[in-house]
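2 protein chains.
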Amino acid sequence: MSSSATDSPISPPAPSRPAPVHAPMTQFGRVEGDLLVGQQPLRRLAARVGQTPFYAYDRDLLRARVAQLRQTLPPEIKLHYAMKANPMPALVGLMAGLVDGIDVASAGELKVALDAGADPAEISFAGPGKRDIELNQAVAAGVLVNVESARELPVLAAASARLGLPARVAVRVNPDFELKGSGMKMGGGPKQFGVDAEEVPALLQEIGRLGLAFEGFHLFAGSQNLRAESICEAQQKSYELALRLAAHAPSPVKFLNLGGGFGIPYFPGEAALDLGPIAANLATLVQRAAQDLPSASLVIELGRYFVGEAGVYVTRVVDRKVSRGQVYLVTDGGLNHHLSASGNFGQVIRKNYPVTIVADRAVAAGAESASLELASVVGPLCTPLDLLADRMQLPPAEIGDLVVVFQSGAYGASASPAGFLSQPMFVEVLV
Amino acid sequence: MSSSATDSPISPPAPSRPAPVHAPMTQFGRVEGDLLVGQQPLRRLAARVGQTPFYAYDRDLLRARVAQLRQTLPPEIKLHYAMKANPMPALVGLMAGLVDGIDVASAGELKVALDAGADPAEISFAGPGKRDIELNQAVAAGVLVNVESARELPVLAAASARLGLPARVAVRVNPDFELKGSGMKMGGGPKQFGVDAEEVPALLQEIGRLGLAFEGFHLFAGSQNLRAESICEAQQKSYELALRLAAHAPSPVKFLNLGGGFGIPYFPGEAALDLGPIAANLATLVQRAAQDLPSASLVIELGRYFVGEAGVYVTRVVDRKVSRGQVYLVTDGGLNHHLSASGNFGQVIRKNYPVTIVADRAVAAGAESASLELASVVGPLCTPLDLLADRMQLPPAEIGDLVVVFQSGAYGASASPAGFLSQPMFVEVLV
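Line order of the protein sequences matches chains A and B. Positions in the first sequence are counted from 1; adding 83 to them yields our numbering. Positions in the second sequence are counted from 1; adding 83 to them yields our numbering.
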């Protein structure tokens, strides 16, 4: 790979820079070589679940994350959970009791949110391809629709007339800027999301003409961002854009969703997001909004940031192979359950998630070794894509031991091709 | 993008090379702007299915592909279907009646193959992480196990003793070469697949010692290759490696699986594989095997090549948006159903699958336009990854029209995160 430096006798030796490492996964306690998930040793939890692979989500960590945001951000800021990150019904039920609202992305998610007891008044529905029946369902449920296209307006008006219910709408705006340094850009330039900012005044006029119940704006510039200053800039620009657009609104703005984009550290060299500057920035916006948009609630919509770090994916070593000097831990789960960790979901260059080993065997007292070995973790599928860890330094593992993939609470279970190669299904538990 | 040539007043104009185009998708007939799938106009088929999105697989094309291989390749070559490419039960049932054997990659696939009526004598089971229960199931079913690790041997011996049945085994070899120009390399260097060639003699001795029913070898150097000469080279090297290893076998080789790797054209600039040189090469190997390994059947194992071109994914335009001059066709399906076409399954650089539009509306006679427009096809998910066609020249489409993604018969439905964002499920039909 980097052989050029050693090939050339002239080049000075490269400065020895330590390789980037994963942020420490300290959210889970450790006891005697085991990991505490939901306050239970993982070995015991695996026995309770009765099978591997499984996902486990830690209630305390979910509660702690919400509490941390409540404590850090201005109290006026409303927190919405974007359940696309993790739609497990029990988890959505827990989150519904902790946050101020749920954002859904389909009628399927709407059903889960309603079943979970979320208040329809605090549910919003976004998505670029809402089918007519979904718009009808949203009006019937009484939730807020984030309109992404002029096409949705007559459908909503018809549903409203048919059902004798107001069609509550906000406008999802495709801003004229993007979130810098974002894992996924979702605004700026041409996009399938939202209505181009310059087209919004005409749309607002049409909303007024049709008599829809206008409530506000939704802006979402990007996701998985670890740079606080980029998030602050996007929030500020979103606020200012919304303020300009509010001048064209048929009624006062009651709802202003400034999006999310808060990232979590997945890969070596990444560090946790600094909430401090974001809190300060939001405090300024809250103050400005009290003057500019006195009826408006400011909303932050987060998915991954709420749930990502609270979850682990746990799979078991089925075989330990050494092929031409390289150690392979072959597990009973892989990309079919956790596509993101395999590097096949939006990553251009594959990088390792943080991974560790929990021995599922009696370890003689004092026999625990601090030594690590270089090993790759692969799944059971007949494809080289099925890779959970590529040559990582890991505690030595034997057949039967547990492989833990951290940062797996978001875009794991639901974002994976579970039927691929007809392997057994994973289980999800909230503990 | 390629602005450098125009920026510099000195550079000569770049030679005008036409952009690469997709291979023509002539396997489906066309009539009056519609596409014939299973001899039915797609508009009618969509009405019969009763929903979009759906996958449709064409029986005649599946039959024709098998017949073409039978006609081209030497009659002694046995054809196995690797059902991981498409495990739809009805399709596996059809294929089981056409080919000489089925390759399964899990106990789940084994069940489908047995349900489909495949002869257990002609089923083989490969996979790097077979669980103990799966090895037991394989012995009970009487199928051939492609052993990938020394760990499997005692488990198979115990199952054989317990069940009073022979454990039929072949050795999957990790060769000391790889398939050049392959979409996915599955042999050469350290690998999780198979047993390193240099370790095989010891494994064969152990197979003899344990009294397992040895049948032969399985070699698989890579997949999705469009260069006949690379495939010929891999087959020849595989044959020669197997011959060397056969000297260590406890009994004569009855089964020699030379792998597959036959690719199909997905992306602009790719052309169909030329079977001619492969047929000639296999004829030579068949002749040699008659001398060297007189008891052996030579097997070619194909998945994608059998089924990939026979399938289409069909989704419907829900919205047509123009954002800052760019046309977006928003459909009711996307990466949740067809991850590969979105570019998120093993592709480093995203490229477009071949895509077309079928108008699902009355088109006035003579009003059909030959003109194309630049459009992107996106799905309904709230993620920029949900992209089925990135700025392609397509027939102009309206809401309600059908978007057809070709080359979708393999690694489509089963390799996609169908639950993502809780969108409605697709349907699969064999027509």
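Treat the hints with caution; some may be incorrect.
Each pair may be met inside one copy or between any two copies, as identical chains are not told apart.
To be verified - Below, computed lysine to any residue pairings styled on SDA-like, alpha-carbon distance capped at 20 Å:
#	residue 1	residue 2
1	Lys434	Gly112
2	Lys161	Leu236
3	Lys434	Ala240
4	Lys263	Asp375
5	Lys320	Pro333
6	Lys263	Leu468
7	Lys337	Val132
8	Lys194	Ser505
9	Lys337	Glu261
10	Lys337	Pro103
11	Lys161	Glu281
12	Lys337	Ile482
13	Lys194	Gly352
14	Lys263	Pro467
Keep in mind that the hints were calculated from the coordinates and are not lab data.
Status of each hint after checking the structure:
no., hint, result
1, Lys434 x Gly112, "neither (25 Å within a copy, 44 Å between copies)"
2, Lys161 x Leu236, "neither (27 Å within a copy, 59 Å between copies)"
3, Lys434 x Ala240, "neither (47 Å within a copy, 39 Å between copies)"
4, Lys263 x Asp375, "neither (26 Å within a copy, 64 Å between copies)"
5, Lys320 x Pro333, "neither (22 Å within a copy, 74 Å between copies)"
6, Lys263 x Leu468, "between (30 Å within a copy, 18 Å between copies)"
7, Lys337 x Val132, "neither (45 Å within a copy, 44 Å between copies)"
8, Lys194 x Ser505, "between (28 Å within a copy, 10 Å between copies)"
9, Lys337 x Glu261, "neither (24 Å within a copy, 62 Å between copies)"
10, Lys337 x Pro103, "neither (45 Å within a copy, 51 Å between copies)"
11, Lys161 x Glu281, "neither (27 Å within a copy, 63 Å between copies)"
12, Lys337 x Ile482, "neither (57 Å within a copy, 32 Å between copies)"
13, Lys194 x Gly352, "neither (39 Å within a copy, 45 Å between copies)"
14, Lys263 x Pro467, "between (33 Å within a copy, 15 Å between copies)"
Violated hints, listed in ascending order, are 1, 2, 3, 4, 5, 7, 9, 10, 11, 12, 13; each of the other numbered hints is respected by the structure.
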